[in-house]
Structure formats: structure tokens, C-alpha cells
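S.K.: Residues per chain, in single letters:
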Amino acid sequence: MSMIELTNVCKSFGDGEILRGVDLQVDKGDIVVILGPSGSGKTTLLRCMDFLERAEQGTMMFDDETTDLATASKQTIAALRKKIGFVFQSYNLFANKTALGNVMEGLTVARKMHKKEAEQIARAALERVGLSDRCDYYPSQLSGGQQQRVGIARAIAMNPEVILFDEPTSALDPELVSEVLAVMKNLAEDGVTMIVVTHEMGFARQVATKAIFMDQGVVVEQGTPTELFDHPKEERTRQFIRKILKEELSENRQAEE
Amino acid sequence: MDGKIVSLLIDSFWKILLPGLKITIPLTVITFAIGMILALFCAMVQITNVKVLSPLSKFYIWIFRGTPLLIQLFIIFYGLPKLGILLDAFPAAVITFSLNIGAYNAEVMRAAILAVPVGQMEAGYSVGMNYFQIMGRIVLPQAFRIAFPSLSNNLISLNKDTSLAASITLGEMFLAAQRIAARTFEPLALYCEVAFIYLIMSTILAKLQTWGEKKLSVHERREN
Ligand SMILES: Nc1ncnc2c1ncn2[C@@H]1O[C@H](COP(=O)(O)OP(=O)(O)OP(=O)(O)O)[C@@H](O)[C@H]1O
Ligand SMILES: [Mg+2]
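Those sequence lines, one after another, are chains V and B. So the first sequence is numbered by the working numbering: it starts at 1 and just counts up by one. So the second sequence is numbered by the working numbering: it starts at 1 and just counts up by one.
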């Protein structure tokens, strides 16, 4: 039995149908990697799961409870958000809070936790992402990679059952990508369930338990990373994989020069 | 300069400054505070698009930014009695200046709130915070920092504009100067003197602004 099961998720913006009936199953401990061309609806799918966007149709089963994404009540949304962490492409750290403050905010304000306890948890979370020495820095004083790691600490401090990552490394300079991926690999080893939109093939091959290829608002193909990357069944998947492998190759070459 | 004028200037300095301390400054502070509450309210209802209130606040801003402050004062002090609403000069001034500064600051605050990246709002939701918690703890503090220079500007303007209340018989600094000038036939000296006192006040406010901006920008500065 899956931990999360999305069924027939649909979402349009104006005339544009962005998600056209997406189904997705995630088991506990799964690391699901979602790939797909720009505009295929990957971000929108994650955002619908956390109700940052309202789907027009579709259900999400989470721990045996099924929720209609279109009509979920405030209480249901609040309950689901407790179980879901989100790591944003552009970090979205609170600019007026230190790294520690960023991580504590949800604990003290949303969960009404005592400051002392929240600080302990926050410090532990920052240590887990290797930023114990940056607790008192403001986001503007941190590098992109460090900011994203604070973003990850902020998510894990809430102890969610699943963390959604929306291209966590795509806004980063190439030399900062690996530090964020290393943190994510650690989380994967600790058994944290994750859904990750990324084009980092190395990461996907190493840690993903499941890879999904999306195009034009539907899941075109899914399987293990090996199946999807090395033996894609669909022509669209094949073309896309070839394209990003080529891009990675030329990036590596540039990096070597 | 002959000694008579010098002693007149010294003598009148306190007579002008006193109403400044007793009326001009309190009037500025009170109306700015009320105006800020109005401004925040209008900015919020517009941003969240509250029915009825949002167009109403737009209408209010349109009126008070679009008409001369002096005429607004006259309508409230000299005009409203026609409708049976009789106000003393001070409350009439408080009402007019509050409404006027509120309209200007509403636009400043609205723009400042919109300037805070919406992603921070979403991050707040994702850790379980609600709208008011995110507004109060994340968005508004940053919006105030963004708005601070413009708000300071409006405060300095407001302080000077309170001199218009002399025309509705409010005994603030400018009226005090006018009275002494009329009595002593020294308009040049006395109007320059009162202008100088306004200049000092504006200078102090500008210094406060600089100091405040530094304080507020802690999280903006990079080390090194
Ligand atoms: N708030 C919005 N209003 C209108 N259109 C939107 C909105 N958000 C997304 N879209 C559109 O939906 C489509 C899918 O967007 P989405 O961000 O989900 O794609 P994506 O797969 O994440 O792409 P990328 O790889 O570039 O991040 C795009 O065409 C985008 O323009
Ligand atoms: Mg995206």
C-alpha cells in the first residue's frame, strides 16, 4: 500500500491545461525523481500537493486518508501541510530572519513549540545540513548553496513524512550544486521520503528508487532510474534523456576547461 | 543687523518654539500614527481584495491625494459646520492631516508589501503558518523596511504641512509667528525665523531617518 497516491490531478491556468490527469504513487522511503521538459507541469504538480496551487480536480491519498485536492478544507490543508515539507527552487528564505530563525519560525509560530525546544531542534537540523557555524547569519550573508541548505533544514525541522524538492539545485552556481546534493543524499540514506524534481542524472541514478518522466501535463513513463534512463520505452522519454545527457556532457567539458 | 532685530529674534524664538512643542509636534505625531493605521488598513484590504472595502479605500485615496490639502482643511473646518458638524481647530486638523497622510502612506505600504517576494509567503504556508502569522512576522517587517525612506519623506512633509493649520486658526508655530510679525512689523525676520525652526525639525527627522535606515538594514548587509 502506498503512502501517497495521487489520482487524476488536473490544473489549468486560463486556457492552458497544465496538468491533465496526473497519477503518482509514492511508498514510504521512496526517493522519487521527476524529470520533464520546461513547462511540463512538474512545479505545478508539487505545488498542488502542498496546496500552494489549487488543483481543479484530483485526489491525494496520504496515509490511508483520501483528500479531494479541489475542495479540501482549511483544516485538512493544515493537517496535510504538517506531513509535507517543501524545498523551493529559489530557497524562499525569510529575509528578515537568521538561518536559525528561519528554521525555528514554523516550530514556534505554527506548532506553538517552546522557544528552547524549537531552538534545539533547529540547531540539530542546521547541523544535519552542515551549517552549525552559520546559525546567526541572515540569508543575504549566505551563499546560494548555504541558503538552500537552510531551506532544507527548515523543511526537515518540521519532521514531515515527505519532502518535496522543486529543482533545488537549478538556481545554484555549478560549484555549489554538489554540497546541496550531498545533503539530500544523506537524507535519502536516513530513509526520508522525497519527491525531487531535478535534472541531476547522477543524483537520480545514485539515490532514486523511482524515476518519472512528465511531458505536457501527464506522466509519460515511470520505472526505476535504470529502466527509465537506459531503456526508455517511449520515444519522447528517449529524446529527452538524450538531450539532458548531452547537456551534462558539455557542462562537464566546460567545467574541465 | 541692528540690535533691535536680534533681540526680537531671541525674544520671539521661544514664543514660536513653544507652540511648536505643544502643537506642531504632537499634531505631527498623532496624525502620522492615525494615518499609518489607516494606511495599513487600506493597503491590506486592497492587497487581499476585500469586497466593498477595497474599492472604498481606492476611492478615499483618490479623493485625498487628488485635492489640495489646504482646501481639505477648509472643507472640514469651515465647511462641515454647514452640515451641523462643528469642530474645534485641533480636532479638525487631526482629522484632515490623518486622512491626508493616510492616503499617501497607503500607497507606499501597498507597494512595499507587494515588493516582498511572494515565495516567502509560500514558504510560510509550507511550514504551517497561517496568513496573519506570515503577514505579521515575515511580510510586514520587511515591507516597513522597504517603505521606511518613503514614509520618512512623508513624515517630513507632514511636519511642514501642519503650518497650513494656521489658516484654520490653530495656534501652531506659523500662526504664532504671524501674530508677532503683525505686531512688530517685522515679517521678514519672523517668517525667516519660523522657517528656520521648521528646517531644524526637518533636519532632525532626516537624521533620524538615516539612523533608522541603518538599524533596519541589519539583515541586508553582507559581512566582509
Ligand atoms: N501562476 C501561473 N499562472 C499562469 N500560468 C502558469 C502559472 N504557473 C505556471 N504556469 C504555466 O504552467 C506551465 C507549467 O509550469 P510549471 O512551472 O509547472 O512547469 P515546470 O515543469 O516546472 O517547468 P520548469 O522545468 O521550467 O520549471 C507553464 O507553461 C507555465 O507558464
Ligand atoms: Mg519548475
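Rather than coming from a laboratory, the hints here were simulated on the basis of the structure. Since the model is a prediction, treat every value here as computed from it, not as a measurement. Treat the hints with care, since some could be wrong.
[As the list claims (entries may be wrong)] So the derived label-pair ranges between C-beta atoms look like this:
#  : chain 1 : residue 1 : chain 2 : residue 2 : range
1  : V       : S132      : B       : L18       : 57 to 65 angstroms
2  : V       : H114      : B       : L18       : 45 to 53 angstroms
3  : V       : E256      : B       : L208      : 49 to 57 angstroms
4  : V       : E247      : B       : V50       : 46 to 54 angstroms
5  : V       : K115      : B       : T48       : 24 to 32 angstroms
6  : B       : N130      : V       : E17       : 45 to 53 angstroms
7  : V       : H114      : B       : L208      : 33 to 41 angstroms
8  : V       : K112      : B       : T48       : 34 to 42 angstroms
9  : B       : I63       : V       : E117      : 24 to 32 angstroms
10 : B       : E213      : V       : D27       : 46 to 54 angstroms
Note that beta-carbon positions come from the ideal geometry of N, C-alpha and C, so glycine has one too.
S.K.: Please go over all the hints and tell whether each is borne out by the structure.
M.R.: Against the structure, the hints come out as follows:
1. Distance hint check for V/S132 and B/L18: the Cβ-Cβ separation is about 59 angstroms, which falls inside the suggested range of 57 to 65 angstroms.
2. The beta-carbon spacing between V/H114 and B/L18, approximately 52 angstroms, falls within the hinted interval of 45 to 53 angstroms.
3. Between V/E256 and B/L208, the C-beta spacing of about 56 angstroms keeps the proposed range 49 to 57 angstroms intact.
4. Look at V/E247 against B/V50: about 47 angstroms separates their beta carbons, and that is inside 46 to 54 angstroms.
5. Taken as a hint, the range 24 to 32 angstroms holds for the pair V/K115 and B/T48, whose Cβ atoms sit roughly 30 angstroms apart.
6. Against the hinted window of 45 to 53 angstroms, the Cβ-Cβ separation of B/N130 and V/E17 comes to about 31 angstroms, which falls outside the hint.
7. Between V/H114 and B/L208 the beta carbons are some 37 angstroms apart, a value that agrees with the proposed interval 33 to 41 angstroms.
8. Checked against the hint of 34 to 42 angstroms, the pair V/K112 and B/T48 fails, with Cβ atoms roughly 25 angstroms apart.
9. Between B/I63 and V/E117 the C-beta distance comes to about 52 angstroms, which lies outside the given range of 24 to 32 angstroms.
10. The hinted range of 46 to 54 angstroms is satisfied by B/E213 and V/D27, whose Cβ atoms lie roughly 53 angstroms apart.
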